[in-house]
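Undergrad: As a plain string of letters, each chain reads:
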Amino acid sequence: MSDTVIEVENLTKRYGQTTVVKGISFSLARGEIFGLLGPNGAGKTTTILMLLGLTEISAGKARVLGYDPVREPLAVKRRVGYMPDTVGFYENLSAADNLRYTARLIGIPHDQREQRIAAALDRIGLGEVGNKRVAAFSRGMRQRLGLAEILMKDVEIAILDEPTSGLDPQATLELLDNILALKKAGVSVMLSSHLLDRVQSVCDRVALFNSGSIALMGTVADLGRQVLGGGYSVEIEAQGAGLADRLALIPGVSSIEQVDIGRFRLSADRDVRPEAAAAVVEAGGRLYRLSVEVPSLETIYTRYFQGAKQSEGARHAA
Amino acid sequence: MRREGSPWQGLGVVILKELSDHLTSVRMLVLSSLVVLTAIAALYGAIQQVRDSTAEDLFLYLRLFTTAREPLPSFVSFLAFLVPLMAIGLGFDAINGEYNRRTMSRILSQPIYRDALLFGKFIAGLLTLSISLLVMWLLVIGMGLTWLGVPPNTEEMLRALVFLIVTIAYAGVWLAVAMLLSIIFRSAATAALTSLGLWLFLSVIWTALAPGVADLFFTSDDPATQIIAAQTLARLSPGTLYGEVVLAILNPATRALGPVYLSQLQGAIPGSPLPLGESLLIAWPQIVGLISAAILLFVIGYVVFQRQEVRA
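Quick note, the sequences are listed as chains B and A, same order. Each residue of the first sequence is one higher than the one before, starting from 348 at the first, in the numbering used here. Each residue of the second sequence is one higher than the one before, starting from 55 at the first, in the numbering used here.
It is possible that some hints are incorrect.
Pair by pair, the computed Cβ-Cβ distance ranges are [said to hold, decoys possible]:
hint : chain 1 : residue 1 : chain 2 : residue 2 : range
1    : A       : A243      : B       : A482      : 17 to 27 Å
2    : A       : R365      : B       : A568      : 32 to 42 Å
3    : A       : I185      : B       : G472      : 24 to 34 Å
4    : B       : S602      : A       : R57       : 28 to 38 Å
5    : B       : Q462      : A       : V90       : 26 to 36 Å
6    : B       : P456      : A       : R81       : 30 to 40 Å
7    : B       : A406      : A       : Q362      : 17 to 27 Å
8    : A       : V357      : B       : G472      : 41 to 51 Å
In short, the hints are calculated from the structure, not lab data. Cβ coordinates follow ideal geometry from the N, Cα and C atoms, glycine included.
Sequences are here, hints too, so could you generate the full structure?
TA: Structural data, given as structure tokens:
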């Protein structure tokens, strides 16, 4: 069995004259958490729907677990769990009854059904309220019920569309824990979001969507290097004579800036904290604080889209 | 390009779920009690009338369905008017309800085709209507037995059975209308209002309007042509078709559903009943018309639904 579970090549979606997804290519490895990030309307949901065979593909190729979502949607949908943006359930039915309906649609054998439903509800922390009507459920509980459905389905890939939108911080953390648990169980996860800092903590790799195409793709650190240039920013609080010159000599440091008396900021292409500490000590200085700023997805994102806008503005001006 | 797998996968599951939803819903309870109560009222009037007037009648039982006593209309007129209401009540939020509850994409991401969802919903609605109509039908037969004290003969039972089947087909037409509108309009309220408007227009206004429209577009010296044109137009309403079938089936003396020349009546014995086969033959175009209207409307809905985007 191959290690790539989703392979997308030049995937395109057109609605009449407008192209919503413009020839994107990416792949998802087994057991990986892959984040589709980008502003609303960037084509994330459309991409997901094409992968599930729920909307037609205008051009390009997609393979999910080796199946073609256009011709073999049932095979794809049997092995992939999908939680839509603001997932809905039948309000007049209990949580367990909702899962029972899905279980019958999936075709889970009768003798396994109850046990799998109970196990899924327990794992997600809804075991106690399984027989309550969904009408009484909060947003967070519904999202969790959506995950329980995926757990019950016992899938190889879970696709989650905006799983954290509209959740309070506590519920978001719980949901992300559940997503990590999915990964531990060997499920590949693809999730879309515009909430960056939360997503950063769980994603192995991300793709940044910008109006229908993938602008950037890779690990968060990779993206930081691509967008922010130097990548690492080390801040030092130390006192001593000639420190600035000594610090500037450290290999890998591209620039040094004195922020305040006794406070320096180094831009470097790697984490130079050990060398900086050694330099301060060697110079006979006193070291008070040493910190590195890991590039956050938020910074990358805003910086990238600012850059994109500026270059666009320049083009318009020209 | 062929897609893999059967379009019927999951159909049974959808039917059972929708059926249990319908049968336990408050809406269904309200609608069926409304229909049953009015039916009983009409039936009571009919029984009084039958007792008073008809001493000797070959088809006493069928009179239960068709006899009216002022101020109430007959049982069949009630059905012709209220069955669409029931069907609309069951169908107007079939598809847009799934979108509004945001369950559509979740259900369609399970290993089923859209076909199963749509067809399952239609079948479940039709089954629900059939169950209520069957109950009502048995109620009429039973009340007739106790109040009239005369058992129905075979011919009457057969005719009553055909009447039941045709009524279900008539309900199917309106169910298909309501479901089509629930596919077209994303708002359940719009779909409900539009189907109710259509129902009022076709049941009440169109029958009155058809002769006028015929006068506008056809000018002929022969009054028969004019009448036939008006009748053809009126038959665009499922209510007209249903009324004609009921007339032919429940009134065995009916010999034609259109205008008849005097010359055609030569040799006929007025008032003598036709056998069931002949009555069926007279109403056959109307029966086929009702069933094909239901199928046609369903197919239009099916095509629209297949092309619809899943995202809400």
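Undergrad: Now look at each hint and say whether the structure bears it out.
TA: Okay, the hints, checked on the actual structure:
1. A:A243 x B:A482: 17 to 27 Å: Given about 20 Å between the Cβ atoms, the range holds.
2. A:R365 x B:A568: 32 to 42 Å: For A568 of chain B against R365 of chain A, whose Cβ atoms are near 33 Å apart, the range 32 to 42 Å holds.
3. A:I185 x B:G472: 24 to 34 Å: 41 Å, violated
4. B:S602 x A:R57: 28 to 38 Å: For R57 of chain A against S602 of chain B, whose Cβ atoms are near 59 Å apart, the range 28 to 38 Å is violated.
5. B:Q462 x A:V90: 26 to 36 Å: The hint (26 to 36 Å, Cβ to Cβ) is violated, given that Q462 of chain B and V90 of chain A are roughly 43 Å apart.
6. B:P456 x A:R81: 30 to 40 Å: Roughly 34 Å apart at Cβ, these two residues keep to the hinted range, so it holds.
7. B:A406 x A:Q362: 17 to 27 Å: The hinted range 17 to 27 Å holds for A406 of chain B and Q362 of chain A, with Cβ atoms some 21 Å apart.
8. A:V357 x B:G472: 41 to 51 Å: The hinted range 41 to 51 Å holds for V357 of chain A and G472 of chain B, with Cβ atoms some 44 Å apart.
The earlier numbered hints that this structure contradicts are 3, 4 and 5.
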